[in-house]
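Sequences and hints are given; from them, build the entire structure.
Quick note on numbering: the sequence shown equals residues 1 to 53 in the UniProt record's numbering.
Think of the hints as simulated: they come from the structure by calculation, not from any bench.
Warning: the hint list may mix true and false statements.
[Said to hold, decoys possible] For lysine-lysine, the following DSS-like pairs were computed, each having C-alpha atoms within a straight-line distance of at most 27 Å:
| hint | residue 1 | residue 2 |
| --- | --- | --- |
| 1 | Lys-39 | Lys-8 |
| 2 | Lys-8 | Lys-34 |
| 3 | Lys-46 | Lys-34 |
| 4 | Lys-46 | Lys-36 |
| 5 | Lys-8 | Lys-36 |
| 6 | Lys-8 | Lys-38 |
[Claimed, not checked] Using C-beta positions, here's what the derived DEER-type ranges look like:
| hint | residue 1 | residue 2 | range |
| --- | --- | --- | --- |
| 7 | Trp-13 | Ile-35 | 20 to 30 Å |
| 8 | Ser-31 | Arg-9 | 23 to 33 Å |
| 9 | Phe-14 | Leu-42 | 16 to 26 Å |
| 10 | Val-40 | Ile-11 | 11 to 21 Å |
| 11 | Glu-33 | Ser-5 | 41 to 51 Å |
| 12 | Ala-53 | Ser-6 | 21 to 31 Å |
| 13 | Ile-10 | Ala-53 | 35 to 45 Å |
| 14 | Trp-13 | Leu-42 | 20 to 30 Å |
| 15 | Ile-2 | Lys-39 | 33 to 43 Å |
Every residue, glycine too, gets a C-beta built ideally from N, C-alpha and C.
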Amino acid sequence: MIRQSSQKRIIDWFSQAGVQADGSMFKTSTSYEKIKRKKVILEQRKLINLRSA
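Shown next, in the form of structure tokens:
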């Protein structure tokens with residue numbers, strides 16, 4: 001149980017840093033993937049704001 005939560009924290013930390021698990025290997029996100037992900041998050045936030053307004 002402790003090991004699983006520790007692994008999850010590590011994976012979460014790497015994903016925040018732009019590194020994603022790819023099978024048993026970690027791969028870094030390209031700048032295009034990072035920009036695309038940021039745009040998707042921004043669009044989701046805009047939609048949430050429009051719904052709550």
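For each hint, the structure was consulted:
no.	hint	verdict
1	Lys-39 to Lys-8	holds, 25 Å
2	Lys-8 to Lys-34	holds, 21 Å
3	Lys-46 to Lys-34	holds, 18 Å
4	Lys-46 to Lys-36	holds, 15 Å
5	Lys-8 to Lys-36	holds, 24 Å
6	Lys-8 to Lys-38	holds, 22 Å
7	Trp-13 to Ile-35: 20 to 30 Å	holds, 21 Å
8	Ser-31 to Arg-9: 23 to 33 Å	holds, 26 Å
9	Phe-14 to Leu-42: 16 to 26 Å	holds, 22 Å
10	Val-40 to Ile-11: 11 to 21 Å	holds, 20 Å
11	Glu-33 to Ser-5: 41 to 51 Å	violated, 27 Å
12	Ala-53 to Ser-6: 21 to 31 Å	violated, 41 Å
13	Ile-10 to Ala-53: 35 to 45 Å	holds, 39 Å
14	Trp-13 to Leu-42: 20 to 30 Å	holds, 23 Å
15	Ile-2 to Lys-39: 33 to 43 Å	holds, 37 Å
The structure fails hints 11, 12 (numbered hints given earlier, in ascending order).
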